[in-house]
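Number of protein chains: 2
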Amino acid sequence: MRILILGGDGYLGWPTSMHFARAGHEVHAVDDYLRRRAHQEAGTDSLTPIGPSLPARANAFRDVTGLEIGVTEGDLTDWSLVERVFREFEPEAIVHYGEMPSAPYSMIDREHAVFTQTNNVVNTLNVLYAMAELAPDAHLVKLGTMGEYGTPDIDIEEGYLHVEHKGRSDTLPFPKLPGSMYHLSKVHDSHNIHFACRIWGLRATDLNQGVVYGIETEETRLDERLLTRFDYDEVFGTALNRFCLQAVIGHPLTPYGRGGQTRGYLNILDTIQCVQLAVLNPAAAGEFRVFNQFTEQFSVVELAELVRKAGAEVGIEVRIDHLDNPRIEAEDHYYNAVHTKLLDLGLQPHLLSETLIESMFETIRRYEDRVIPDHIMPATRWRGVRERSPG
Amino acid sequence: MRILILGGDGYLGWPTSMHFARAGHEVHAVDDYLRRRAHQEAGTDSLTPIGPSLPARANAFRDVTGLEIGVTEGDLTDWSLVERVFREFEPEAIVHYGEMPSAPYSMIDREHAVFTQTNNVVNTLNVLYAMAELAPDAHLVKLGTMGEYGTPDIDIEEGYLHVEHKGRSDTLPFPKLPGSMYHLSKVHDSHNIHFACRIWGLRATDLNQGVVYGIETEETRLDERLLTRFDYDEVFGTALNRFCLQAVIGHPLTPYGRGGQTRGYLNILDTIQCVQLAVLNPAAAGEFRVFNQFTEQFSVVELAELVRKAGAEVGIEVRIDHLDNPRIEAEDHYYNAVHTKLLDLGLQPHLLSETLIESMFETIRRYEDRVIPDHIMPATRWRGVRERSPG
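Respectively, the protein sequence lines represent chains A and B.
The first sequence maps to residues 51 to 441 in our numbering.
The second sequence maps to residues 51 to 441 in our numbering.
Please note that a few of the clues may not be correct.
Since copy identity is lost for identical chains, a pair holds within one copy or between any two.
[To be verified] The list that follows gives simulated cross-link-like pairs (lysine to any residue, SDA-like), each with its CA atoms no further than 25 Å apart:
no. : residue 1 : residue 2
1   : K216      : H75
2   : K359      : T168
3   : K359      : R416
4   : K359      : D394
5   : K216      : N375
6   : K359      : P105
7   : K359      : A92
8   : K391      : P332
Derived from the structure by calculation, the hints contain no laboratory data.
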């Protein structure tokens, strides 16, 4: 199958590109290095030493496997680029990771909020128009986020909610309570994609993904030049990955507030598996399908405790320091999200274990000298703007 | 009260500005003439001859009433302008009409879709950040649209839905099924505003307005220089206004498809009354309040029949020609939208009557020589992109 990977230089995009290429598909990856630039601006970096560019990574991949990954360096907000890639590559599936992915980044200030929303919304509108005009039977597999739902006081369903109301009933988009300007951009995307499916008959799957952890995939293990990035800074790092790094370098783990925030989590191996299942089982024409993509729920303190226990096993003493929560979010709440559709398609979850955490410790230790500790603690506060106000 | 009117040059913005000024408030109007420029590009125009600019209109208003309306000509996507207006005027209420308002405009092609969404989303983000930083206790009264809801098969509530689900319950944002790239932009705004209320404690009222009809308000009647615009073209015209004009010039009325599309409608006098009620009864700090702003529901054929009957009364023979529907929308559907919150605040509806339609005929006849008939028939098709596709 011809598979276009948007955001193919990212934490997930690069391993996904390699995985599809090794599975025998024709892969073309597009990236504009948004995240690399954001790291440069902030003085942060991936823990793992990743290849200097997407072409360099594709060359290394060819050296190691003999397989090709096509590459375009460019910005998805540029219609002429999107149009050219669609005309030349004629994708049958589009895996769309190509967005600014960070909640804290979007909350830095007005400029970052406006940038995140316009970048993500325009990227996705361009993809939808390119599909309608040039690839109307292709299947869009779009990376959404479980953060679109927030923490409602009812069970979270997969994209839709059957409502009985005043003697009538309907199945409607699940109501959204996103928690940052970034999460909002994904809600906007979901509404735009749903509309494009309704009016143009496009096929789309929205993968509302939980928090991904892990550092290695089958392909990254083949050669050090094929590593994927691993972020641990306050802007791009995520809970478990950051806790593992903190444990290794002797930094206290930093749950925000009481740490009762419960979310869905999954191993990076399962991200790749889920995306593959979605691509190989496309949505019907006109269908906007939503999968909740995670395998287990944890609260932040549960994760911290797991890391502490795994640390004790290998002789690392782990301290836990609860921080003032820089975000505005419920710290004790109901959370139960349905996630059966990907299991029904055959997902075989890699559940979180101490062994996995210990192997992450090992990989992190290999690159410990690359850690920049200045940017581990949170600096971006959700209430920031209001705190600076004269009112 | 110091009331900032964003989009103060528009069909609703200009009469609203005059009304608040005459009611004794301090009014400042901002506009960048987006709609005037879109008309110039398309070769269309307002039926009514409106003043050449916002300063010219404010001068005329001062001549007639002795009252001031402050004016800023500028673009709300320009943060430096928004910041300056907020710093200098220090608004206590912000009435936000300042968006690209047309569904067909947003559906012309990709560029118009991207423009509509980025313009509207960035305008509103800028207003939210200006409020958080510079006017945290001000009240945002934002023009939304009933079109955010679409036509679900259950009753439409005012912004929120109480859900009982698997033995638990919550009150959540009402699910949205918007029908154009423009309506989507308003859904994006609603999510963004709701978030700003939750995290910064801002006050906001989202007015999900139905289709407005009417040509005159108390203030526009004072002097011809104070007229508001009246659009009847396929891009900016709306159902009843356009039908009245078609009747007067002997053009067949043009319901789309079977004409069973049911929507909420209201008189322009009631728009002004509703906005005033919202401004004078502000939302609480942190509250995102949603009012459904219309007074009556009609199907498109019901409106066409009403216009035909009113025509017969005054000796105009009105023909009705059902057109192939250029939009993608249900033509027969359930529709029952709650709209009690503004009535509870004291709204006194001006219901639609043959007398009102006949008085619209008279006003339209006065400017009949200004009609540009070329742009009455729809040219923008929702399926357009897909029709041009090679697939």
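Here is what the structure says about each hint:
1. K216 - H75: Neither, since 50 Å and 42 Å both go past 25 Å.
2. K359 - T168: Cα proximity of K359 and T168: none, with 43 Å in one copy and 48 Å across.
3. K359 - R416: Within one copy only: 21 Å inside a chain, 83 Å across chains, cut-off 25 Å.
4. K359 - D394: The answer is neither: 33 Å in one copy and 59 Å across copies each exceed 25 Å.
5. K216 - N375: Close neither inside one copy (40 Å) nor across copies (31 Å); limit 25 Å.
6. K359 - P105: neither (41 Å within a copy, 70 Å between copies)
7. K359 - A92: neither (33 Å within a copy, 68 Å between copies)
8. K391 - P332: within (13 Å within a copy, 44 Å between copies)
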